[in-house]
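If you read the sequence shown in the numbering used here, its first letter stands for residue 18, the second for the next number, and so on.
Keep in mind that the hints were calculated from the coordinates and are not lab data. Since the model is a prediction, treat every value here as computed from it, not as a measurement. Honestly, I wouldn't trust all of these hints.
[Unchecked claim] Derived Cβ-Cβ restraints for the label pairs, each shown as a range:
#1 Q152 - N212: 20 to 26 Å
#2 R177 - N212: 37 to 43 Å
#3 Q144 - M165: 54 to 60 Å
Even for Gly, the Cβ is constructed at its ideal location relative to N, Cα and C.
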Amino acid sequence: MERTRNIEEEDLIIPNNISTALDLEGEQICVQLQSHIRLHPDDSRKSFALDAGRLSDVSRIYFNNTLISQRGSLNPYQPGAFRPQIVVIPADAIRSGSNVLRIHLCSYRGYYPIQAMDPIQIGPAEQVWQQRTLQEIIAFSFLAFYLMASVQHLWLGLRRKKERYHLAFSGFLLVVSAYWFVAETMTRDLIFQQNVLWHRKTEYILLFFIVPLFLLFLSRFGSQKGERMSYFALA
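All chains should be built: construct the whole structure from the sequences, respecting the hints.
So, in structure tokens, the structure goes:
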């Protein structure tokens with residue numbers, strides 16, 4: 018896949034699941050994404066960054082044949098899936114005029130599909146980092162909201178003995194908070210680092226518990242509300 022872009026255009030949009038889009042199957046499959054980026058003479062003195070988002074599985078990113086980022090390996094196999102990659106492009110790798118961005122993505126034995134899960138962005142380093150920081154702030158704002166709501170319902174459940182359904186809803190929100198942290202923040206990499214398998218297992222386990230806890234809340238909420246309605250009817 019090859020594209021030509023001006024540096025002012027930040028986003029490189031490609032299919033989310035490349036394996037599915039191209040119907041790729043096999044023991045070891047590799048795909049190269051290539052984009053030509055033109056810089057004005059004054060741009061060569063600026064600092065630029067690349068936000069490749071979450072790539073899967075094994076990835077190598079080159080800018081004018083200079084390796085600027087990599088995740089995972091094929092020999093020996095080590096997964097690098099779903100790890101955000103944001104990197105400042107070395108100044109000596111940038112030149113005036115045409116520049117070539119190449120992203121190599123490989124899948125090994127179908128463990129993880131070849132994916133580019135987010136728009137690939139390139140631009141002035143300060144702008145790229147500000148946008149990534151803003152995304153992280155928004156993610157943590159939602160996380161803080163879920164946690165505060167969980168604590169509030171926990172307090173209500175412990176305080177009001179006749180409204181124990183608050184405890185189930187608190188547990189539901191707590192699991193949602195943990196899932197949001199694991200799935201939507203970059204800070205999770207500080208915990209999981211290169212352990213992609215444990216990251217994915219944790220994410221799926223949390224996702225598995227979300228629905229049962231919500232159904233438990235609905236069951237208890239409906240049961241206690243039903244008891245109240247019966248009490249008022251008898252009265």
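Results of checking the hints against the structure:
For Q152 and N212, the hinted distance range of 20 to 26 Å is satisfied, since their beta carbons lie about 23 Å from each other. A hinted range of 37 to 43 Å for the beta carbons of R177 and N212 is consistent with their spacing of about 41 Å. Take Q144 and M165: their Cβ atoms lie about 32 Å apart, and the range 54 to 60 Å is violated.
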